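Asker: Residue strings, one per chain:
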Amino acid sequence: MVQVIHANWADEKLHLWVEQCPGRQWWSKTSDSDTDDDTLVHPNVVIPDWIQGKPSSIVLRLPMHNDSPMPSTPMSMYGGIETEEITSSGLADVRIPTLAIDAAHVPLLLESLIDRQDALEDFHVGPGVQYFVAASRLAEHLIAGHRFVPMVFQDATGMLTGRWQPWLADDMTTKRVAKLVSSMPAAARAVPDGHAHDAWSISVDFLSHITDASCRRVMMTEEMTDTIDSIDPGMDQQVAWLNGLLGSGIEVPATTGQRAEIARTVRKWIAELEDRGESSTWRFGLRLTEPITEGLALNIDQPDETVMWSMSFFLQSLDDEEVIIRGADVWLINRERIVYEGLTLENPQELLMGELGRASRYYKKLEEALDETEPIQLLIDTQEAYRFLREVKPVLEEQGIAVQCPGWWESQSGRLGTKLRIDSDPSEMVLGEGADAEAAGAQLGLGTLVGYHWEIAIGDTTLTLHEFEELAQKNSPLVRIGGQWVEIRPEDVENAISFMHENPGGEMELGEAMQLALASDSSQTGLPVTGVEATGWVASMLGGEEGVSVELPILETPDTFKGTLRPYQTRGLSWLAFMERFGFGACLADDMGLGKTIQMIALILHERAVNTERPDPTILVVPMSVIGNWVKEFEKFAPSLKIQVHHGVDRPQGDTFIEATDTADVVVTTYALVHRDNEFITKVKWGRVVLDEAQFVKNPAAKQSISVRSLNVPRRVAMTGTPVDNRLSELWSIMDFLNPKYLGSAGAFRKKFALPIERHRDQIKMEKLRTMVRPFILRRVKTDPTVVSDLPEKFESKEWCPLTSEQASLYEACVKQMLTNVEHAEGIHRRGLVLATLIKLKQICNHPAQMLKEADPQFGKIIDPGRSGKCVRLLEQLDELISEGDQALIFTQFRQMGHILSNMLKHELGKEVLFLHGGTSQGQRQKMIDTFQEATGKNPILLLSLKAGGVGLNLTAATHVFHFDRWWNPAVENQATDRAYRIGQTRTVQVHKYIVRGTLEERIDEMIESKTELAENIIGHGERWLTDLGTDKLRNLLALRADTISDE
Amino acid sequence: MGDEKKPTSKKATKKAAKKVSKKTTKKAAPSKPEPTKPTPPPTDRKVNIVARPTLSAHVPTAPKKIKPQYASFRSSRKSLTNPRRVRGGVKLKLKPEEQPGSWITQRLLRVAEDGADGQINREGLEYARAGQTKRLTIEGTLCEGIIQGRSDKPYKTELALSQFSAHDQEQIIHAMADQMRYAAKLLAGELPSNIEDVFAPLDLRLFPTEPSDLSPTCSCPDWKEDEPWCKHAVCLTALLAERLGNEPMEVFGLHGMPGDELIDGLRQKRALGVQGPGPAPVLVPHIQGVSDLSSPPLEDQIDTFWTVGPELEDLDTPLTPPKVNCVLLRRLGPSPFLGSFPLVGLMQTCYELIGQAALQMDDPESDDPESDDHESDTPNQDDPSS
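Order-wise, the sequence lines are chains A and B.
Mapping to our numbering: the first sequence position 829 is 829, numbers consecutive.
Mapping to our numbering: the second sequence position 264 is 264, numbers consecutive.
A couple of the hints might just be wrong.
[Stated by the list, open to error] Calculated lysine-lysine pairs in the PhoX-like style (CA-CA distance at most 25 Å, straight line):
id	chain 1	residue 1	chain 2	residue 2
1	A	752	B	323
2	B	323	A	175
3	B	134	B	95
4	B	323	A	751
5	A	765	B	323
6	B	323	A	365
7	A	768	B	323
8	A	741	A	703
9	B	323	A	179
10	A	798	A	632
11	A	419	B	95
Hints are computed from structural coordinates only; laboratory data are not their basis.
Values in this document were obtained by computation on a predicted structure and should not be read as measured data.
Bound-form chain A, shown alone:
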């Protein structure tokens, strides 16, 4: 049962309500109105009884159709309700039963809804929840950054209350607030109340209450009221105000006379934050210049306290920030108006003085300058300069005053840091190929002990501990080293010295060293870690940007490989071999279509070519849907390898299996079987485990993931086409399979990376994580310049799909019945029979539901994709390409199948699906095409019935073309393909032709490929030729081949 949870903010509470799937004919449902007023009660809403809250109700203005509220967009998408043809008759008030949540519980609760959505298949959060989740996260962000203020609120009676308020009026915040408010869905502002459906008003009210609740909770935990308990609020208005802020009570106790004064004073005080200077076109600025050091460039002993820094003043145009007028010039020019670079500055002297006065409110030192008649600059010593840079500069900048300072400030080169140096034996790199190298490699990996030591560094300069201690003794926060000023935070010095004493260097595990170097923070070292430098093979592994080091030895394509590797594929092969040699688990994550499979095949062949002794077999774990593909690819590119497919009902068990692996090079099996047959699979001595579509182990606690990890195998490779760094639990799971413990425990990883990145889009954490995993992941995308030149403009691949057992039995029954019937039929009747059967068989291959006519084209219930091998594969591929930002065309001959797919894909992918068929009106056609071509990412899929979409359309926004079922006429198919592959297309187009193994689809494909006379017939005349075949030939052609069914 599909459920969508919605949220609205009303009466200072968050109201949650769950929309249930209304089923077909949803508008004919009448609700029983048992309330006093005439407001319609929403017929399909329940209260989420698994949440703690107060049952309540609200009225919403909702889009209606025939006096019923329309299903929400997520509901019609996931619930399979076709609403496209149905237009709303307008808005009406609808009463909704809800659960009301107090502000204090809202943030945690909202997050738990997101977690629940991730955990449950049929539970989705609606746009209101999405919105308030984002708003609540923004509130947290503001609180963590101290961007809130104490405030006074006043009500009708003049009563004052205290409240913690987010401060939204600063530049960096307003951008975020603008994004938030402009994204507010109408549904989230549908409550008819005093906010008058105003997005800003509702958002601010929400943020205000959430912020207050969060702040107040801390104040109460810390028992802050203790600080004012003994003071009479009547004696001190500040204490009165604090009474409304520090505890659970919000009231500000004050007499009527005091109230006005308190309100006025607070307003005036807080309003200071809004003072951004008096000119709207010119900004006042301060420039700090470092002391000029003539001939003293390199002198650590220079007493820095004695040198003076100068601070000068300027006015900067806001229209063109390049235009700057120095304070000295303002006095010199001495005019009422200065026109410079076409920009006019009125009354410059007054502006300069006024703004200097304003700045002095935040930086008292400036008052000295105010005493002069024509202030030009202020001189300060080094300590003061540091204080200015560190503490005053940000404050001034936030109040709209420009600050220019030397470039080294806050740059990498201007801050002291630590560097980790890892030494590894360069001789490893020149190890020969063959068994020795392999054996050596297996000893290495993240557990290898490497020599390391820490260094203190500024930019590229390295200091000894002694030098550093000398610097620290100077007790100056800004010192000159090598002619350059460097910040040494006083608080860092002691930590750094003791860290260096405690960590003189030595040996540690490479994994640990990498964690330290790539993801530690100064809390561990006392100083920021500014980098890692490595020598030898470790340096090669840390590699370059792409993950592939320039130093990587490039391998030859093995002779046994029947085909050609493109240059980037050779690099991929070399990288995989390199990683294996040094014992690292590696993830090949190239874009779909770049040939991950053949790189993997080449790796297995390479290993067999360089070793004199036969290596242990590789176990290749794949989803059922791609077994066929793998087998076909091995046959084509590596006929020398012995491939054992372990699946099917009569697969060997126990010792038989183990014996069979003796002679196999590769054993192909599925995730399900690794779990089910775990007992004897683990007994085999495997040389390597490869996971294809490794996202299948994304849930670390799932049985399959545990089973896969239980394999004790020295070499581990994962293959995935989805950009793993977007799905963090998946990333953790894959990495933990490849290099156990490298990313820490799942819980620690969640706290350190997953939550900040997924909830708060923390870019810094994201970058850290990327740096950490980059050495282990090779990901090339189709648009990489190094790849794109190697790619053809268009390439085709066949997708070999299995049959499910349901499909297989339907298929066999259908063939059997026809064979019986044609025995007794003649002429036209016989032909008709054969043709009808062919169509049925094709439908079964597509999906049993198509043949059984289960779907209602208008209000199609959602058909389970798991019943069709093709559908499973299609979903996998679509998921991958959508995550890569690509768009796809899907062609089918059958309109019926189009409807089934349309509903299924919407439900499974959570995306709108466009469907263009013979019945689509010209207007709708154009609209769909335009929508698709806009490529916003919202409608990445366009389904077309082959007849409707074969000609005339220009659909270059697609880079993938799927032929879900086959026309068996290359000309017709190419015409369809050319919708995407035509003038205007700038990217590579991938064509996927779906074929079900063991069925007539495979048989006919073989015939076409054989290019025989028969093939000519097929191509020329469609399927008619089949009808003339004799019964025996028909049987041969149509009978199901064994071992192609997906069940085991």
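Chain A is fixed; fit chain B onto it per the hints.
Answerer: Frame of chain A; chain B shown alone:
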């Protein structure tokens, strides 16, 4: 509201303080000012004030600057009048043929044009541009100008708007409070552009539309009760036009309803719950491009009713400690209250505690860092058969 002025008053006073020095200038003195002749702090704050009337105490000491005064004064050969020159007078900045930036300015100029005949109007505007007005004050409900003509003594000219009665005021506040958008803008110290829609149904006028709305009086010989539009009246109206264009809230004061009272009234009214929910903060910051935009009507969004906007995807909200501790508190400076309690010190502690708590992410699932199996054991996407 006593001495509490509109949000602009602080700036105004500063500017005023600095501009005071203008009067004692020596012409074209690029050298040092005469130390012996500093401008005394003005005692009569209305005298000579160019733009705004009051001076407050917390502004830093006014710079003792000498400035050339005649820089942009050019005598026009085509002058219609020939008055005695005034230095440092209030000038109309709007140039001939230039379109006023504000509809309010435009409106008042048109009213003057309707009131005075063409020649008088042109002369009045010339006076205004030439800076013949020695002083312009808005005091209470009266706008007064001291305007120098040809004779020795300047004339005193006055403009007055109709007064809003207590009853009128209540009605106005009520009508505005009903309109969320008016209230929000006014609370932020801005005048909504369609403000007059509120007044029309009440049979009131906020800005003059007829010459008689301004009831000019003047001490010059040309002024007559039945022909009140002398060139001085035009001149003063033009200056008022420009002033109100910049400071539209001042118009309320001219009607006997100071802007502060209006805002307080609104705040009260909204708090009453007539329309606005809940108590209102004493300060509503204005955020350009956000708080001043109104949402489209729900009716226009039926197609996207259940869709969040695309920008939500880009909203990053990292939990990071502030670069500068308690940065807002630093910007606020010392406590504005007289009491002895260390408000700012306590606030600093509060900020630190609250900020730290927010950095500890609330997540029951990762409370136990050792627990690896926080995700429920739901069946994975599997082979189609299983």
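Asker: Run through the hints listed earlier and report the numbers of any the structure violates, in increasing order.
Answerer: Per hint list: single violation, 11.
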